[in-house]
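Peer 1: Using the sequences and the hints, build the whole thing.
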Amino acid sequence: MAQNRLLDDVARLVTDAAGMAQGVRREVEGVVKAQFERLIRDMDVVSRDEFEAVREMAILARDENERLAARIAALEARLAGKPAEDPAATI
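All the letters of the sequence shown, read from the start, carry residue numbers 1 to 91 under my numbering.
These are calculated hints, taken from the structure and not from any lab test.
Here the structure is a predicted model, which is why all the values come from computation and not from measurement.
Backbone N, C-alpha and C fix where the C-beta goes; we use that ideal spot for every residue, glycine too.
Treat the hints loosely; a few may be bogus.
To be verified - Have a look at the derived ranges for each label pair, beta carbon to beta carbon:
#: 1; residue 1: 56; residue 2: 34; range: 29 to 39 angstroms
#: 2; residue 1: 15; residue 2: 56; range: 52 to 62 angstroms
#: 3; residue 1: 29; residue 2: 72; range: 57 to 67 angstroms
#: 4; residue 1: 62; residue 2: 20; range: 33 to 43 angstroms
#: 5; residue 1: 11; residue 2: 50; range: 45 to 55 angstroms
#: 6; residue 1: 37; residue 2: 16; range: 24 to 34 angstroms
Peer 2: Here it is in structure tokens:
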């Protein structure tokens, strides 16, 4: 009977230790997550959505720049009295 009580006490201690370990783990995860979020916020890192929006704007601007460069080349060729070159060749 004393052995059963000892086993019950050991089982209770192990169960309590496991529960306490879970609580400590959750607490540590919360602290690490909060610190990481603060670090990222302080670094002024852009979100993926913001990055993709600026990337798309850059692609559109580059395309517009290429169209305008071809148009300028054609206009300069007309002003010089020569036939316009292939706009794709000047890019």
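Peer 1: 33 to 43 angstroms was suggested as the range; check whether the CB atoms of residue 62 and residue 20 agree with it.
Peer 2: Since the Cβ atoms of residue 62 and residue 20 sit about 58 angstroms apart, the hinted range of 33 to 43 angstroms is violated.
Peer 1: Using the C-beta atoms of residue 37 and residue 16, is the stated range 24 to 34 angstroms upheld?
Peer 2: 32 angstroms, holds
Peer 1: Within 29 to 39 angstroms or not, the Cβ separation of residue 56 and residue 34?
Peer 2: 33 angstroms, holds
Peer 1: Go ahead and decide if the range 45 to 55 angstroms is satisfied by the Cβ distance of residue 11 to residue 50.
Peer 2: 53 angstroms, holds
Peer 1: Is the distance from the Cβ of residue 29 to the Cβ of residue 72 consistent with 57 to 67 angstroms?
Peer 2: Once the Cβ atoms are compared, 59 angstroms apart, the range 57 to 67 angstroms for residue 72 and residue 29 holds.
Peer 1: Can the suggested window of 52 to 62 angstroms be confirmed for the beta-carbon pair residue 15 and residue 56?
Peer 2: With a Cβ separation near 55 angstroms, residue 15 and residue 56 satisfy 52 to 62 angstroms, so the hint holds.
When held up to the earlier numbered hints, the structure conflicts with hint 4 and nothing else.
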